[in-house]
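Asker: Each chain is listed here by its residues.
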Amino acid sequence: MAFENTVDVNHPVHEVRSEAIKNFENLGFPSKKMEEWKYTSLKSLLKSDMSVFPKKESNLDYKDVKQYFIHEIESYKIVFIDGVYSSHLSETSHEGLDVCLMSAALSKPKYRLLIENYFNKIAVRDGLTSLNTAFSKEGAFINIPRGVVVEKPIQILHFSTGMESSLMTQPRNLIVVGENAHVQIIERHQSLTDNPTLTNSVTEIFANKRGIVDYYKIQNDKDAASLIDNTYISQQRNSHVSVHTFSLGGKLTRNNLQFFQKGEYLDSTLKGITITDKKQHVDHSTLVHHAQPNCESHQDYKGIYADKSTGVFNGRIVVEKEAQKTNGFQQSNNILLDDTATINAKPQLEIFADDVRCSHGCTIGQLDDEALLYLRSRGIPKKEATALLMFGFANNVLESVKIPELKQRITRLIADKLGVNLGFDL
Amino acid sequence: MAYTEEELKKELETKEYEYGFYTDIESDTFPVGLNEDIVRAISMKKEEPEWMTEWRLEAFRVWKEMEEPEWANVKYKKPDFQAISYYSAPMNKPKYDSLDEVDPELLDTFKRLGISLEEQKKLAGVAVDVVMDSVSVATTFKKTLAEKGIIFCSISEAIKEHPELVKKYIGSVVPRKDNFYAALNSAVFSDGSFCYIPKGVRCPMELSTYFRINQAGTGQFERTLVIADEGSYVSYLEGCTAPMRDENQLHAAVVELIALDDAEIKYSTVQNWFPGDKEGKGGVFNFVTKRGLCETNAKISWTQVETGSAVTWKYPSCVLKGDNSIGEFYSIAVTNNYQQADTGTKMIHLGRNTRSTIISKGISAGKSQNSYRGLVQINSRAENARNFSQCDSLLMGNECGAHTFPYIEAKNKTSQVEHEATTSKIGEDQIFYCNQRGIDTEKAIALIVNGFSKEVLNKLPMEFAVEAQKLLEISLEGSVG
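Heads up: the protein sequence lines correspond to chains A and B, in order. Residue numbers for the first sequence follow my numbering, beginning at 1 and rising by one. Residue numbers for the second sequence follow my numbering, beginning at 1001 and rising by one.
Just so you know, the hints here were simulated from the structure itself, not pulled from any lab data. None of the values given here were measured: they were computed from a predicted structure. Just so it is clear, CB atoms sit at the ideal spot from N, CA and C, and this is done for glycine as well. Check before you lean on any hint, since a few could be wrong.
[To be verified] If you want the ones that stay clear, here's a sample from chain B, every Cβ over 12 angstroms from chain A, calculated:
1) 1040
2) 1165
3) 1169
4) 1353
5) 1446
[Unchecked claim] Partial selection, computed: residues in chain A whose CB lies under 7 angstroms from chain B:
6) 18
7) 22
8) 23
9) 30
10) 321
11) 338
12) 343
13) 344
14) 345
15) 348
16) 349
17) 350
18) 353
19) 362
[Unchecked claim] Dumping the calculated SDA-like pairs for lysine to any residue here, alpha-carbon to alpha-carbon at most 20 angstroms:
20) A/33 with B/1072
21) A/321 with B/1398
22) B/1425 with A/357
23) A/383 with A/339
24) A/325 with B/1427
Take the sequences, apply the hints, and build the full model.
Answerer: Structure follows, in structure tokens:
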């Protein structure tokens, strides 16, 4: 609707939107009766009225929000405040690649072909995604032409300022990575207020032949902030895409991460660290859809749950009949620190091809008492010893972060979350 | 119902008949359809006391309000519940059809299945309760068992002779409202087995029930209730067969196990209902609710070999209520042609130090779909609860599917849950290795499947293990692609 001011009604996107509105009207918000939402209820989030479009624009000073950037490194930045693009905090580019805005991509004729080919092409037509498609106003548009290796990472930041009492934003990102291109992207949603916010984000990523995408999601939001992140990835032959999700803060976080493999000899990596306390709820819902032969997928999720928090891991691997010689791996390891914490795991395999190797493992346990005693008998206080063991537990995921500064930052965020100062960076 | 032990033995000997022909017995069959009158009529026919009739009617009322579950990963044409006869009892002693009438292809299968004399001897040492078309026709070894104080009879007999036990425990583990099929069963069950092992008694022989659907157009609804009193032990076997028919037949059973303090129940099933023909025509719909309740230090062990049925919907479960109780589930599910199986278990950990083990082996061939669906739930009171689950699937050919849907819910920080699942196929190199040594491909596959299922087969009582092994071979015949 908001788009109709900027986009002419003849634009193909107009039709996509009208269809999405209809879709949402039919489907509505997901309920716990749906198998995919069995363990996550949006009821508490949706009971209060939310404004969908912010009434006034707000501004932020860089020094106030600097801490949320990985500022140690050179990077492109696309920054949004309450869903509105902030040009003075951002650093975009059109030189050799496009790091710019969704609204620009949708309105400028030169991107029309890209939009027609990619916009809303792999996003699943469920209620929440349709809602986003219908009402999304802004987001990042990244287009890396073939052969371009982007020399610095791209940071996408969404700030909520809480000028409105409660706000629902619908960011929409589209990322197209050409043949042989390589890009690293860091995405973060950050609320700056104690008012409740709900972000319903949709990201579509297209990796063409031999493209490499490393995508990092930092989710360390305020207690009142909730996030529903829908990320859809389409991969062509020989491409490598990895998505790391670090869920540390926020009231309710739901990650719908879906990979669609559309070529041979490619691999998909999904990794995550989840550390929760209080009444947090983090839900990882993954899907890897193997439709072509000789592909691989790796999933590795580590979760530590304290207090009254709840963790959900709902992983799905589907192997189609054609996808012979698939190698699919899925692992979810969880630690419960309190009896009031809950973990619900549902690692699923759906396999229609015979010549495949698929395995999944899921464990729920606790830290090793003996290891804890070993550390404590060497003078390491209990809190630090516990933290050390947790770092060890999560290290598998942490060590595959390819940007050293980011790794350091996440280590520090985790240390903060655990309330320890380790005195060193991993 | 002149059905003697001798004849029963003969029936066991003529095992061929198991895999598909119809025993031409005159039977007393109710008109099709279901309403309160039919429920009353069943109850009257069984000469049941008033409370039982009321119990059934209540279940029927609940059932009317319920809808058929659709969440299972199976597709089938829903049975028309008004087109089934809910009661059918054999009137005369069975006469067997001549073997010439049987499909020669099937006969060949029978020959290879033929049970050796050794096994027959062993089989003869088993106390059997035969349920044909949902009516118990014979219970053997009753006297031997009675000496020990063990009650082993048909459930209708138990309702008449041991009402206090039945009244206390029936519906206590699987309530009437539990699910659609359990409610239906509670309303219309016509017979089944009842077993009570007194305190501290170790049942000297394997108890066995043999189920058979014989009459066309009938559904089979049997109800099994096994109560193991404090410190007792029983091993219970269950076997099922049905004739080959073009239409789908419905089988909706309820099995309730109650293991009181320190008791142990071992329940083994070899399910070989008619799976439908190669085109997927006919076959039995097997919608079964099986659940056991473990009190302190008790143990329930489910072992199942599922080779039959067109559609299987079955989740033998354990409620680990007492501290230190143990639940086990060992399963082999084989699907071929157009069979669909959605089977698994539920382990509900309520007590402290409860443990459970789940070993599930799924083998799919042909155009079949085989799903494991399981739940491991650790409640917040279940300190030190421990679960280990392993689900392995084997695929043969690229037209079948193997699926795993495990649900794991943990609410206790001292619990340990492990789940692993793998899916693979029989390696070409493995077959080549066997071929090289003069073992033909079909035998090689049987060999490998046997190895794959060994962990579960080992848990079966001897006489069943041999039969199960053969069943596996036969079910997979011709699936070499």
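Asker: Give a verdict on every hint.
Answerer: Going through the hints against the structure:
With a least CB separation of 36 angstroms from chain A, residue 1040 of chain B remains clear of the 12 angstroms interface cut-off, as annotated. Consistency note on residue 1165 of chain B: stated as away from chain A, and its beta-carbon is indeed over 12 angstroms from all of that chain's, at 38 angstroms minimum. At roughly 32 angstroms, the least C-beta separation between residue 1169 of chain B and chain A is larger than 12 angstroms, which holds for a residue marked as non-interface. With 12 angstroms as the threshold on Cβ separation, the claim that residue 1353 of chain B sits away from chain A holds: the shortest Cβ distance comes to roughly 15 angstroms.
Its beta-carbon lying about 18 angstroms from the closest one in chain A, residue 1446 of chain B satisfies the requirement of being farther than 12 angstroms from that chain. Because the closest C-beta pair between residue 18 of chain A and chain B is about 32 angstroms apart, greater than 7 angstroms, the hint is violated. The beta carbon of residue 22 of chain A comes no nearer than 26 angstroms to any beta carbon in chain B, farther than 7 angstroms, and the hint placing it at the interface is violated. Hint on residue 23 of chain A is violated. Least Cβ distance to chain B is approximately 23 angstroms, over the 7 angstroms limit.
Nearest Cβ of chain B to the Cβ of residue 30 of chain A: about 16 angstroms, over the 7 angstroms cut. The hint is violated. Evaluation of the residue 321 of chain A hint against chain B yields a held restraint, the C-beta minimum of about 5 angstroms falling below 7 angstroms. Here the hint on residue 338 of chain A is kept, as its CB sits about 6 angstroms from the closest CB of chain B, short of 7 angstroms. With a least beta-carbon distance of about 5 angstroms to chain B, the hint placing residue 343 of chain A at the interface is held under the 7 angstroms criterion.
Annotation: residue 344 of chain A was flagged as interfacial toward chain B, and the flag holds, the nearest CB pair being 5 angstroms apart, inside 7 angstroms. Using the Cβ-Cβ criterion of 7 angstroms, the hint placing residue 345 of chain A at the interface with chain B is satisfied: the shortest such distance is roughly 4 angstroms. At about 5 angstroms, the closest approach between the beta carbon of residue 348 of chain A and any beta carbon in chain B falls short of 7 angstroms, and the interface hint on this residue holds. Interface restraint check: residue 349 of chain A against chain B, minimum CB-CB distance 4 angstroms, threshold 7 angstroms, status holds.
Satisfaction of the interface hint for residue 350 of chain A is found here, the shortest Cβ-Cβ separation to chain B being roughly 5 angstroms, below the 7 angstroms cut-off. Checking residue 353 of chain A against chain B: minimum C-beta separation of about 5 angstroms stays under 7 angstroms; hint holds. The closest approach between the C-beta of residue 362 of chain A and any C-beta of chain B is roughly 4 angstroms, which is under the 7 angstroms cut-off, so the hint is satisfied. Proximity of residue 33 of chain A to residue 1072 of chain B is assessed by CA-CA distance (about 15 angstroms); at most 20 angstroms being required, the pair is judged to hold.
Among the hinted pairs, residue 321 of chain A with residue 1398 of chain B is consistent with the structure: their alpha-carbon atoms are about 6 angstroms apart, no more than 20 angstroms. Between residue 1425 of chain B and residue 357 of chain A the CA atoms are separated by roughly 8 angstroms; this keeps the pair inside 20 angstroms, and the hint holds. About 19 angstroms separates the Cα atoms of residue 383 of chain A and residue 339 of chain A, which keeps this hinted pair within 20 angstroms; it holds. Our distance criterion of 20 angstroms between C-alpha atoms is met by residue 325 of chain A and residue 1427 of chain B, whose separation comes to about 12 angstroms.
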